[in-house]
Amino acid sequence: MGTLTRKYISPAIAMIVLILLLVIMLFPFFIIAINAFKTAPEYAARGPLVLPSTISFDSIIEFWERVKFSGKLLNSFIISISVAVLATGLSLLNAYALGIGKIKGMSVFLIIFVVANTLPHESLAYPLYYIVKAIGLYDTKISVIIVFTVIQSAFGTYLLSNVFSAFPRALLEAAKIDGAGKGQILRSIVFPMSIPTLSVLFTFFFIWTWNEFFLPLIMLVSNKNQTVPIALTVTQGQHNMDVTMASASALLGVLPCIIFFIIFQRTLTKGITAGSIK
Amino acid sequence: MKKIEKSSQGYFVFLIPGLILFLIVIAFPFIANLGISLTKWNGVKPPQFVGFANYHKVFTDAVFWAAFRNNLLMIIAVTIIPTILGLILAVFLFDYVSTRFNMKVASFFRAGYYLPQILPVAIAGVVWGWILNPGYGALNWILTRVGLGAFTHNWLGEAETALPSVMGIMIWFQIGYPLVIFMSALQRVDPQILEAASLDGARWRHRMQIVISVIIPEISVVVLTTTIAALKIFAQIYVLTRGGPGHATIVPSYFAYQNFFEKARVGYGSAISTVMTIIILALTVVFIKLQLKMQEDE
Numbered sequence: 011m012g013t014l015t016r017k018y019i020s021p022a023i024a025m026i027v028l029i030l031l032l033v034i035m036l037f038p039f040f041i042i043a044i045n046a047f048k049t050a051p052e053y054a055a056r057g058p059l060v061l062p063s064t065i066s067f068d069s070i071i072e073f074w075e076r077v078k079f080s081g082k083l084l085n086s087f088i089i090s091i092s093v094a095v096l097a098t099g100l101s102l103l104n105a106y107a108l109g110i111g112k113i114k115g116m117s118v119f120l121i122i123f124v125v126a127n128t129l130p131h132e133s134l135a136y137p138l139y140y141i142v143k144a145i146g147l148y149d150t151k152i153s154v155i156i157v158f159t160v161i162q163s164a165f166g167t168y169l170l171s172n173v174f175s176a177f178p179r180a181l182l183e184a185a186k187i188d189g190a191g192k193g194q195i196l197r198s199i200v201f202p203m204s205i206p207t208l209s210v211l212f213t214f215f216f217i218w219t220w221n222e223f224f225l226p227l228i229m230l231v232s233n234k235n236q237t238v239p240i241a242l243t244v245t246q247g248q249h250n251m252d253v254t255m256a257s258a259s260a261l262l263g264v265l266p267c268i269i270f271f272i273i274f275q276r277t278l279t280k281g282i283t284a285g286s287i288k
Numbered sequence: 019m020k021k022i023e024k025s026s027q028g029y030f031v032f033l034i035p036g037l038i039l040f041l042i043v044i045a046f047p048f049i050a051n052l053g054i055s056l057t058k059w060n061g062v063k064p065p066q067f068v069g070f071a072n073y074h075k076v077f078t079d080a081v082f083w084a085a086f087r088n089n090l091l092m093i094i095a096v097t098i099i100p101t102i103l104g105l106i107l108a109v110f111l112f113d114y115v116s117t118r119f120n121m122k123v124a125s126f127f128r129a130g131y132y133l134p135q136i137l138p139v140a141i142a143g144v145v146w147g148w149i150l151n152p153g154y155g156a157l158n159w160i161l162t163r164v165g166l167g168a169f170t171h172n173w174l175g176e177a178e179t180a181l182p183s184v185m186g187i188m189i190w191f192q193i194g195y196p197l198v199i200f201m202s203a204l205q206r207v208d209p210q211i212l213e214a215a216s217l218d219g220a221r222w223r224h225r226m227q228i229v230i231s232v233i234i235p236e237i238s239v240v241v242l243t244t245t246i247a248a249l250k251i252f253a254q255i256y257v258l259t260r261g262g263p264g265h266a267t268i269v270p271s272y273f274a275y276q277n278f279f280e281k282a283r284v285g286y287g288s289a290i291s292t293v294m295t296i297i298i299l300a301l302t303v304v305f306i307k308l309q310l311k312m313q314e315d316e
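These protein sequence lines map, in sequence, to chains A and B. Numbering of the first sequence is given in my numbering, commencing with residue 11 and proceeding in unit increments. Numbering of the second sequence is given in my numbering, commencing with residue 19 and proceeding in unit increments.
Bound conformation, chain A alone (with noise of 0.2 Å):
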């Protein structure tokens, strides 16, 4: 209806404004994008803000051949999509027993997950990173995957916990008449009903644990285990990168959110706008 706004403001004022704040808003991916494809001499020549006179992949090739990018993109991929499968199972079952199964001390359990996900996680971080150092698993992907898997399973606990308890008990009672065990019900019926709240969660722990920095920074420290933006870091200053070169490693760790994003726009909206995520 625009009744808030609609009498003060004249609409050219406010689309200049809006536009100029785009812009702004954008220009870092302009500015990254543009000269990812420019030689350094082009660069020292011309500047940062002219589209590039030729499209060269040189500046992105060579960084993508020095930090071995596939293996960098490997990695997250494997850890990240592990995390996903293995923490969306890991909160189907625990929120199967607590939202579903209402065992006792139920609500004394949600409140331990809920404050493991608030937890800062240097103050796990020694003795983590201490742990995995004794038992062998240092510097591997699997260590990174089980702390994830246990860290993201409590935020998603909470939340599918949340929505089983308005699951439909009449489904449940029914199937129980008809002879079926707590198994049973979980893989025939309580699975395929919540596979559209289990989608979100997947989504979501798989973006974060491509996200994560702290963690996988202490405990993945060889090149070959590094995931992407670890390696993009610890690579800023390094192997004597040029300015173009820079630039194109930049523009490798915005490429595949970006991707990301387009895949799981819909999922993505519908968690964040639940408003309760994150």
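Simulated from the structure, these hints should not be mistaken for lab results. Glycine residues also receive a C-beta, built at the ideal position from the N, C-alpha and C atoms. Errors might be hidden in some of the hints.
Claimed, not checked - Now the in silico label distances, taken between C-beta atoms and shown as ranges:
1) B:P209 x A:F67: 49 to 57 Å
2) A:L31 x B:P235: 20 to 28 Å
3) B:S125 x A:R179: 34 to 42 Å
To be verified - These stretches of chain A come out as covered by chain B in the derived footprint (C-beta under 8 Å, 3 or more residues):
4) 28 to 40
5) 54 to 60
6) 106 to 119
7) 130 to 143
8) 154 to 161
9) 213 to 227
10) 260 to 274
Chain A is already provided as a structure; the job is to place chain B on it using the hints.
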């Protein structure tokens, strides 16, 4: 009551894997961290019990207080400014742009403002590190070309500009989050109420009050989650400044990291992280209580 107890039997087994993993990955490390905070330990030799000496040191350490002050300033950049800007933009896009133009135009702007949010903070740091680079960065280049050469800086390398630069980056990064949440919350605002307020001759401020009163649950969620995020800031600092120059941009989580992994003062690092944990948990409890109280008042 009896019936519920009976029907809930046998579910505990589903919680067992989650519980065991939780104890190993979160509960035990957390308690161990508390224990370590009472010791002097370099990570190698056996730890020495020192009581609360590390905590005493935390509260008298000028570096910790500098870190804490920077953290409070980060709340301005991560919570306060983006929440206010997000609210204004959300109302504006929802109420003005979507009606003057159409919802597609409004959604387009929303998506554009949201874009930085899809990046990992570390990558946002890499992008801005490039733009602000004192040698080849685009910002100094632009300033020089438009005749503002006197305003060029080593943005992240000078004590006066480092923290404001990081704060500016965080504002850029954060605006999209409140904007998206508020825009969806605004769908609950009854246009008729606003229409009525408009007949009353109610001004912009009054209408803003109406909007805020409706979407206050979303505002409090945004304030809580972003304040906690501000208190946990690490990656941005690690990527952009490593806490420097001097202690100009140090934050508690980075200070804890330094003590753990660079200075081998593990006990002290644990004490710092425990103090931050207590602050974050206390904040969470206060916010949740406030929210419950607001729900009761309604």
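Using a Cβ cutoff of 8 Å, are there at least 3 residues of the stretch 54 to 60 of chain A near chain B, or does the coverage claim fail? holds (count 3)
Between the stretch 28 to 40 of chain A and chain B, are there enough contacts, at least three residues with CB-CB distance under 8 Å, for the coverage claim to hold? Our answer is that it holds, as 8 residues pass the Cβ test (under 8 Å) against chain B, meeting three.
Please test the hint of 20 to 28 Å on the beta carbon pair from L31 (chain A) and P235 (chain B). Once the Cβ atoms are compared, 27 Å apart, the range 20 to 28 Å for P235 (chain B) and L31 (chain A) holds.
Outcome for the supplied range 34 to 42 Å, where the beta carbon pair is S125 (chain B) and R179 (chain A): Holds - the Cβ-Cβ distance for S125 (chain B) and R179 (chain A), about 39 Å, lies within 34 to 42 Å.
Check of the stretch 106 to 119 of chain A against chain B for coverage (Cβ-Cβ below 8 Å, three residues minimum): n = 9 at 8 Å, threshold three: holds.
Just to make sure I understand the rule, a stretch counts as covered if three or more of its residues have a C-beta closer than 8 Å to a C-beta of the chain. Does the stretch 154 to 161 of chain A meet that for chain B? holds (count 5)
I want to verify a distance hint. Is the separation of the beta carbons of P209 (chain B) and F67 (chain A) within 49 to 57 Å? holds (52 Å)
Using a Cβ cutoff of 8 Å, are there at least 3 residues of the stretch 130 to 143 of chain A near chain B, or does the coverage claim fail? The restraint on the stretch 130 to 143 of chain A holds, since 12 of its residues have a Cβ under 8 Å from chain B and three suffice.
How does the stretch 213 to 227 of chain A fare against chain B when you require at least three residues with a CB closer than 8 Å, holds or violated? Contact hint for the stretch 213 to 227 of chain A vs chain B: holds, 6 residues under 8 Å.
Residue count check for the stretch 260 to 274 of chain A against chain B: does it reach three with CB-CB under 8 Å? holds (count 7)
In the structure shown, no violation is registered for any of the earlier numbered hints.
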